[in-house]
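Using the sequences provided together with the hints, build the complete structure.
Per the working numbering: the sequence shown = residues 167 to 351.
Each hint should be verified, as a subset may be incorrect.
What the hints assert, rightly or not - Now the in silico label distances, taken between C-beta atoms and shown as ranges: (1) 252 <-> 334: 28 to 38 Å; (2) 272 <-> 324: 36 to 46 Å; (3) 227 <-> 273: 17 to 27 Å; (4) 344 <-> 234: 37 to 47 Å.
Worth flagging that the hints you see were computed from the coordinates, not collected in a lab. Using N, Cα and C, we set each Cβ at its ideal position, and we do this for glycine too.
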Amino acid sequence: GNTAENALPGAPDGGVVRFDPADPAPVVFVSGLGEANGAAFDAAGNLYVADMFAGIVRFRPDGSRDEAWSEQARHVVVNGVAVSGDAVYVTMTFSPTGQVLRIPIDDPARYSVAAEVGVAPDEVAALPDGTLYVATQTGRLVHADPVTGTSCAVWTGEPLAAVVAVPGTYEAVVGTSLGNVLHVR
167 GNTAENALPG APDGGVVRFD PADPAPVVFV SGLGEANGAA FDAAGNLYVA DMFAGIVRFR
227 PDGSRDEAWS EQARHVVVNG VAVSGDAVYV TMTFSPTGQV LRIPIDDPAR YSVAAEVGVA
287 PDEVAALPDG TLYVATQTGR LVHADPVTGT SCAVWTGEPL AAVVAVPGTY EAVVGTSLGN
347 VLHVR
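Here it is in structure tokens:
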């Protein structure tokens, strides 16, 4: 969970649960996180979790924590995470320029800034062509190109808390901080 309570001493661990839609009883997949927020899988089945306290953490398909990879990719106060091709992209919530980092899966210590999207980036989603949508807490949905580093707002409105790309399209579903779910075309 991503709540302020997780920052208090003695708070329960954050983690990730999984469930089968046919039997929606949640089962703990990983635990021991601080403030788990964004999550994404790569093609090999590794799970990347953005943890506000521990940075980006990689878990193998069996649920074991990949300590060596995670230590090399350690960045504090990451929020959103997406995987596209050979890279993991994470948003830096408290970066003054709204940095989105590119972390190569095969060499996580060689991260770079993929784009700067303005104040308070939150979640990120990968599009079919390798570009990204970034939801910001200031109410902008930003389209960012990690190859050129360019970005532009494609929608403005309520503060955004989540974004997911509609598979195979350039459409997005965004969740707002006011509790609305919007379909952006």
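Verification of the supplied hints:
no.: 1; hint: 252 <-> 334: 28 to 38 Å; in the structure: violated, 20 Å
no.: 2; hint: 272 <-> 324: 36 to 46 Å; in the structure: holds, 38 Å
no.: 3; hint: 227 <-> 273: 17 to 27 Å; in the structure: holds, 21 Å
no.: 4; hint: 344 <-> 234: 37 to 47 Å; in the structure: holds, 41 Å
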